[in-house]
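Enquirer: Sequence:
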Amino acid sequence: MKAARNYHTVTAFANNTKVLAAGGKITSAYQTAEVYNSVNNTWTYTSISMSNSRYAHTATLLANGQILIAGGYNASGISISAAELYIPSSNSFINTNNMNIARSHFTSTLLSDGSTVLVTGGVNASSYLISTAELYINGSWTLLSTRMTTNRANHAAVLLNDGTVLVAGGGDSTSNAYLAAEIYNPITQNFTAVGQMQYRRGAFTLTLLPSGKVLATGGADWSSGTYPLVCELYDPVTRTWSNTTMLSHGRSYHQSILTNSFVLTMGGYDGNNTRITTSEKYNL
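Numbered by numbering that gives the first Met the number 0, the letters in the sequence shown go through residues 0 to 283 in order.
One thing to keep in mind: the hints can contain errors.
[Stated by the list, open to error] Quick list of in silico lysine-lysine cross-link-like pairs, BS3-like style, CA-CA up to 30 Å:
| id | residue 1 | residue 2 |
| --- | --- | --- |
| 1 | Lys24 | Lys1 |
| 2 | Lys24 | Lys212 |
| 3 | Lys1 | Lys280 |
| 4 | Lys24 | Lys280 |
| 5 | Lys280 | Lys212 |
| 6 | Lys17 | Lys1 |
| 7 | Lys212 | Lys1 |
[Said to hold, decoys possible] Pair by pair, the computed Cβ-Cβ distance ranges are:
| id | residue 1 | residue 2 | range |
| --- | --- | --- | --- |
| 8 | Ile77 | Lys1 | 24 to 34 Å |
| 9 | Thr244 | Ile77 | 36 to 46 Å |
| 10 | Asn40 | Ala62 | 20 to 30 Å |
In case anyone wonders, no lab produced these hints; they're calculated from the structure. Backbone N, C-alpha and C define an ideal beta-carbon position, used for all residues, glycine too.
Whole structure, please, built from the sequences with the hints as guidance.
Expert: Given below as structure tokens:
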């Protein structure tokens, strides 16, 4: 890449030939973004930088090919509400309306209609964990009247095959991590608690499998200072979790991606706050 980045986002274009890396930090928050082109194997800065420096934000590919960038910490380490859109055709950013609440370390999930984005939880501008959620629809944000059942940040969320969203885990990254999980129903716009995970975990990944079940991988249990090796499967029929295979290395703030035959989990931090270069496979 053109710049070393941490706590940034990486989002594949709709055509899967390019990737946008946006924001992040090393010593301070970045305003820059760059695009990887798989055809010529190069990284190039966007023609216009983002309007805001940010890290620990989210980036969501919309059905129209644009990428919604929202929230995160600014250069002063304060959560912001600012949002903007990356336009692939011009390789630049334009502003869109701000979220109702500033947040970082939150989740953004594209719903089944391809244009609505559900934002949940995070750390607000006063550094408190929050339970609020809002929807991004056609350039506008609507704060939901209902809240999550748990205040959470550093959690994970994934769209299920029935159009609902599973939200699980999280914590404050210092002394607490959660077992709690819940389901967002886009029809009723309500959150409902479901079975708890077997292990407390924050800064972990949820991956929807072809079976319709969800794989929970890695994470940190800040309550005990441990990094669970055991992975779990969420069953949307029974709404319960069960243990499955084990990782070789405990890791948090990692990434997991679904391929045709396996889930690849890579990178992250271990219990000594050391960056991990290894990757592991969960075979389907």
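Enquirer: Now tell me if each hint is right for this structure.
Expert: Okay, the hints, checked on the actual structure:
no.: 1; hint: Lys24 x Lys1; in the structure: 13 Å, holds
no.: 2; hint: Lys24 x Lys212; in the structure: 34 Å, violated
no.: 3; hint: Lys1 x Lys280; in the structure: 29 Å, holds
no.: 4; hint: Lys24 x Lys280; in the structure: 28 Å, holds
no.: 5; hint: Lys280 x Lys212; in the structure: 17 Å, holds
no.: 6; hint: Lys17 x Lys1; in the structure: 15 Å, holds
no.: 7; hint: Lys212 x Lys1; in the structure: 38 Å, violated
no.: 8; hint: Ile77 x Lys1: 24 to 34 Å; in the structure: 26 Å, holds
no.: 9; hint: Thr244 x Ile77: 36 to 46 Å; in the structure: 40 Å, holds
no.: 10; hint: Asn40 x Ala62: 20 to 30 Å; in the structure: 28 Å, holds
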